[in-house]
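Add chain B to chain A, keeping to what the hints say.
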Amino acid sequence: MATGFFTDATLCIGCKACEVACKQWNELPSDGFEFTGNSYDNTSQLSGTTWRHVDFVERESFDESGLKTSWSMVSDVCKHCTNAGCLEACPTGAIVRNEFGSVFVQPDICNGCGYCVVSCPFGVIDLIEAVGRGDDAKKYGLATLHDDRLNDRKTAVQATGGVAGKCSLCFDRQRVGMVPACAKACPTESIQFGEIEELHERAKRRVETLQERGVEARLYGADDIGGGIGALNAFFLLTESPEAYNLPVEPVLPSTRQTMGYAAAAAAALTLATIGWAIFRGDS
Amino acid sequence: MPGLGTSFGRGGATVWLPDLENADCILIQGSNFAEAHPVAFRFVMKAKERGAVIIHVDPRFTRTSAVADLYAPIRSGTDIAFLGGIINFVLQNERYFREYVAAYTNAATIVGENFVDTEDLDGMFSGWNDETKSYDTSNWNFERNDDGTLRRDETLQHPRCVLNVLRRHFARYTPEMVERVCGTPQKEFLKIAELLARNSGSERTTAFAYAVGWTQHTTGVQFVRTAAILQLLLGNIGRPGGGIMALRGHANIQGATDVPTLYDLLPGYLPMPSALRDEGSLERYLARNTKATGWWANMPKYIISLLKAFYGDAATAENDFCYGYLPQLIGDHSVLPTTFAMKDGTVKGYFVIGQNPGASGQNAELVSSAMERLDWLVNIDFFDNETVSFWHREGADPTKIGTEVFFLPGATVLEKEGTMTQTSRVLQWHDKAIEPIGDSKSDLWYFYDLGKRLKALYADSQDPKDRPILDLAWEYDHEDERERAAGEPSALRVLRELNGFTVADGKQVAGFADLAADGSTACGCWIYSGVCPDETTNHARGRIADARSSPGWGWAWPANRRTLYNRASADPAGNPWSERKKYVWWDAQKREWTGYDVPDFPKAKDPATPARPGASGIDAHSGADPFIMNLDGRGQLFVAGALADAPMPAHYEPLQSVIENPLYAQQSNPLLREWKRDDNRYNRSVDPDYPYVLTTYRITEMSGIMTRYIPWLAELQPEAFCEIDPELAVEKGIANGSHVTISTALGEMEARALVSGRMQPLRIGKGQRVHQIGIPYNYGRMVGFARGDSPGDLIALSMDPNVSIHEAKSLTCSIRPGRRAARSAGSIEAPVPTEQQRAYGAGSAHGIDAGERR
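Protein chains in written order, with the working numbering: chain A, 1 to 284; chain B, 1 to 854.
Isolated chain A, as found in the complex:
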C-alpha cells in the first residue's frame, strides 16, 4: 500500500518544525548560516541536505478596502512521483521504489554521478557533500557525536565525494510503524501522512469545505499532473497558482521529451532515407 504526504498550505504557520525535525532524525547538517533577506526564508530551497523546506510568499495588493497584505507558507518536499525522473535516470540502480511506493536513494549504491539531479522535474534531489551534524561540529570545534545510522552515507560520500540526497519519506521510521518526522512534528496538522487513497479522500473533503467558505483551494499533484509524471505521492493543497509557491505549473518528465526527441529523430531519419532513396533510385 503506497503512503505519502498531504501538505495543506492553509494550515501552515511557517514554524519550520518540519525542517528541523527532518534534519534531526536524518542527521543532516545545516546548509550554512546565511541571511538572505528573502522574507523569513534563509534556507532558500530543497537540497541534498534540506529535505523539507518552508516557502514564504509575501504579497501586497490593493482592493476596495485598501492595502492588503498576505503571507503564505507551505512546506515543500520530494514529490515521490509515480514516474520519477531521478529513478529513471539513475544508472547504478541506487534509486528504487520501495515497499511504501516511495522513491528511495540507497546511499551505498549511489556513485554520485548526478544524473538524477538534472532529471528531477521539480529540482528536488541534489548531491550531499557533507555527512552529518559532525561536520558542523568539526567546523566550529564542538564535540562530535557519532551515529551508526550515518555510516552508509558516510562511506558513500567518502568513496565518491558526493551522494544523492532527498526525502526518504522516513523509510526507517515507516518500517517500524512510525509517522515520518516532519508530519509528527507539525503542530497544526498542515503535513498529514497516511495511505495515499485515504489522503486523497481527506484532501477532497478539505477542498470542498474551503470552497464553501469562499477560499480558492486547489490540489496540486493529487491526480495526474501531466508531463508524463503521473500523480504525486506527496501532494499539496494550495490557494494560489503553483508558481506562487515556487512549484512548476507544468512539470515534465525528461524521458517524455526523450521519447519526442527519439520520435523526431526517427521521423527525420525516415524523411532523409526517403529523400536519399528518391535521389539515388534514379542512379540504379
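Calculated from the structure, these hints are not laboratory results. Don't take every hint at face value.
Said to hold, decoys possible - Okay, derived cross-link-like pairs now, EDC-like style, lysine to aspartate or glutamate, Cα gap no bigger than 16 Å in a straight line: (1) LYS432(B) to GLU417(B); (2) LYS432(B) to GLU479(B); (3) LYS68(A) to ASP69(B); (4) LYS48(B) to GLU212(A); (5) LYS48(B) to GLU189(A); (6) LYS46(B) to GLU189(A); (7) LYS68(A) to GLU58(A); (8) LYS432(B) to ASP471(B); (9) LYS187(B) to GLU64(A); (10) LYS187(B) to ASP63(A); (11) LYS455(B) to ASP471(B); (12) LYS603(B) to GLU592(B).
Said to hold, decoys possible - Taking CB as the label site, the calculated pair distances span: (13) HIS250(B) to GLU197(A): 41 to 47 Å; (14) HIS250(B) to VAL215(A): 33 to 39 Å; (15) ALA267(A) to LEU70(B): 30 to 36 Å; (16) VAL176(A) to THR399(B): 55 to 61 Å; (17) ARG50(B) to GLU197(A): 23 to 29 Å; (18) ALA545(B) to VAL96(A): 37 to 43 Å; (19) VAL215(A) to ALA292(B): 53 to 59 Å.
In this text, a Cβ means the ideal position worked out from N, Cα and C, and glycines have one as well.
This is chain B only, laid out in the frame that chain A set:
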C-alpha cells in the same frame, strides 16, 4: 499578574489552552501567538476550522496575522486606547451582557465621593501626593453601608455606581480617538468591536490571548486590566471558549511565579514579610494579610503550613513557627534596582541561571559593567554565553576586571526529572530521558548540594543568626539508589512536599482543604495541594485527554480546575446560560454543582444561598458570587486600591514616545520608575532625533543561547535583523539585506535590514505618519552559530509601578544605513564615554519628559 489577580482573584490564565477550540471568536493582541507558541496555536487553528473568527491586532503583520481572519495594525504601546475604545463601544451601544454584568461584577457598587476621575483632572486620579509621587488610594474606596457591607444600586442608575463611572471614564475613547492614538483605521476598529460584541452573550463566547506584548510596558498591568474589564462586560469569564489566555514567555514561567523566583512573594502568592509594612511578627503579618471575606480568609493555614514545610520540627507554635527566620523586605529588590545596586557596588555576588542578561537584558552594557564590580559570579548554563564571558566582551579590558567567575554545566530538560507548570496552570511531569553529559547537573542538584554544604559549614555554630540554615528541613535524597549515590535529589519528594502532608504521620494531604493553621500540616505551596494527594499518586504524570476539560491530563492548580471562576458559566439560578455554552451547573436533584470541569465553587452551595454579611471567608458570599477569591465575590470592573497607579485604566504614552498624549495632559504613567543616570540615558519623547517607534520580540526559530548553538535552528535565522517598511527604506536609502545601525540615546546596534510590506507606516495624531521598526531579541554577539547585536544595547531601564517590569516593547529610535562603530566598554576605574555618549550627553535638548504635563 496583578492585572488578572485584582480583577478576578487569581494571577493566572483563566482558561486552559485546549478550551480555545470552543471559542466563537479569538482576539490575539499583545502576542505573536503562532510564532511564540506554535504548538499551543494548534487550538486556535482548530477553532478557526470550526468557524471561529480569529483577530490579530499587532504593530507587525506576523505569521499569526497571516492565518488570522482579520488583522489590524496598532502603534506599539497604545492597547489601553484600543481596548478602551471597545469598552466605550460596548457601553454606548448597550452591547454588554447585562444579566452577567449585574450579577457577577461590581458594576452596581457605588464609588466613594472622594473619587475624582481622569476626566476632571486631565489624566490624573484623585489622591495624588506630589511629594511622595504616589496616590493615596483610599480616595478610590467604595461607599459602605452602616453594617460595613458595600453599598450597591442594583438598578445601575446611581451616577457613582461603577458602571456609570466606567461609562464616563471611557466616553472619550471614541473610534476617532482610537485612530488618532493607535493609528488603527476606524473602519477596522469598528469591525473588530462589532465582532467581539456579536460573539459574546449567552449563546456565544470570545476568548482573548495576550503575552509579553502587553506586559513589558510602564502601563502593562493596566493593559491586562482593560482586557479584564472588557471580558467582564462581555460576560466571557468563567465560560467555555471565553476567558483570558495569558501566554507566558517561557516554558515554566507560570511555575516560576507559583513557586516564585520573585523577591516579594512566597510560594502560592503569599506576600513576603515586609519591614515597610509592619509585619515584624507572625501575628502582625496575619493581621495585615488575612482577609475577612473571600478565600484569603484561609491565609493563616497556608503560611503556617509553609513555615512547617520550611523548618520542620523546629517550627512550633511557641516560636511563631520560625516566622522570624524569613527575610523581611526593606525596599524594592527586583532585578532592575538590584542591577543598579550591583553597578554601584552594593551587591557583591550574582547567581545567573537560565538566562543571559549580558545579551538579552535591557541595557545589557549596564548589566555587563555591573558584573565587572562583583566579587563573584556564578553561572549555570549549557553553553558559553555573553553573561559568563562579559569580561572579554568587545571593548572590555580583562586585566582590570577582578570578578571571580564560576561557570557550571547545567543539565538540559531531557537530562533531569521534574515538573513544568505550563502557561495554563497545568503541571506536567517529565522523566529523565538520558544521563547528563560529563559533569552536568540538574539545577535541583546544585541547590540541594549548596544547602547541604551550608548546613555542614555552620554545623557547629551557636550563633542564633545561623539557626535559619541549621533548622531548614532539607531531606530530598532520591528514592533510586543510583541517583542517590550521585547526590541527585528527588524532584518527586519536592513535589510531594509542595502538595503537603500531615506532620504527625507524614501522610500526604488530599488538597488544601485539609491544611490547618495549628502546625499539624506542612505544605510547600498551597495552590499545588492535590497534585500528589496520596502516597502513590502523582497527577502531574497523567496523559489522558478527552473531548471536554481533560482532567486526566497533567494537573491544574487550583484543585485541577481547568477554567477558573466556572460558576459564572451558569446563570445566577445555576442553570447553563445556554445549551451551547453549557459547562458547570447546579444539579437540583443531587443538590450539588456538576459539569465538565471541577466546579470552582463550594460543591454543595445552593445558588439561592443569600450573602451573609459578617460571616468569614466565602461564607459571606451568596450562592451566585463566582469570584470566590475576591472580597465581595465579584469580578472587579473598578479596582479600589489594590493597584498603585489607577482604579480604571487610562491611556498614557510610553516613557519614550513619538507623540504627545492625545487623550490627557498627563504624558506618561505618573508612577513609572526611571533612573536618570549617565549609564541609563533615555530618549525624550517627541524628539525629532528619534522619530521612529521601536518594538522588540522573539521569533519562532530562535530562543536565545539554547538555540544559537543548534545548527539546524541557526541556519533558519542566522543573524540579527530588523524589520522596516518599504517607505522608510526608500526614505533612508536602505537596501533589503544591507546592514543598518539603529540608535537611541543609550547606544547603538547593527542588524541586517529586512524590508517588507508586512510593516506599514501608520497615520496617528493629527495626520502624522509614523514608522515602526521591529527588532528580534534573540541574538548576542559573542557566541553560537547565530549571532548579532541585541536591542538590549538600545533600551534604558525603566519600570512599571505594580510589578517592577521593564518597558521593552515600545520605545523610540533612529536608523541609518551602514554598520556601527566599534564598541567601547570596561569602565571600572574611569568611565570612558563612547562617541555616542559624548554626542548626546545626558539626552537631547528636544522633546518632553515623561512625567511632564503640558
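Going down the list of hints, with the structure as the test:
no., hint, in the structure
1, LYS432(B) to GLU417(B), "holds (5 Å)"
2, LYS432(B) to GLU479(B), "holds (14 Å)"
3, LYS68(A) to ASP69(B), "holds (12 Å)"
4, LYS48(B) to GLU212(A), "holds (14 Å)"
5, LYS48(B) to GLU189(A), "holds (13 Å)"
6, LYS46(B) to GLU189(A), "holds (10 Å)"
7, LYS68(A) to GLU58(A), "holds (11 Å)"
8, LYS432(B) to ASP471(B), "violated (31 Å)"
9, LYS187(B) to GLU64(A), "holds (13 Å)"
10, LYS187(B) to ASP63(A), "holds (15 Å)"
11, LYS455(B) to ASP471(B), "holds (9 Å)"
12, LYS603(B) to GLU592(B), "holds (6 Å)"
13, HIS250(B) to GLU197(A): 41 to 47 Å, "holds (43 Å)"
14, HIS250(B) to VAL215(A): 33 to 39 Å, "holds (36 Å)"
15, ALA267(A) to LEU70(B): 30 to 36 Å, "violated (60 Å)"
16, VAL176(A) to THR399(B): 55 to 61 Å, "holds (58 Å)"
17, ARG50(B) to GLU197(A): 23 to 29 Å, "holds (27 Å)"
18, ALA545(B) to VAL96(A): 37 to 43 Å, "holds (40 Å)"
19, VAL215(A) to ALA292(B): 53 to 59 Å, "holds (57 Å)"
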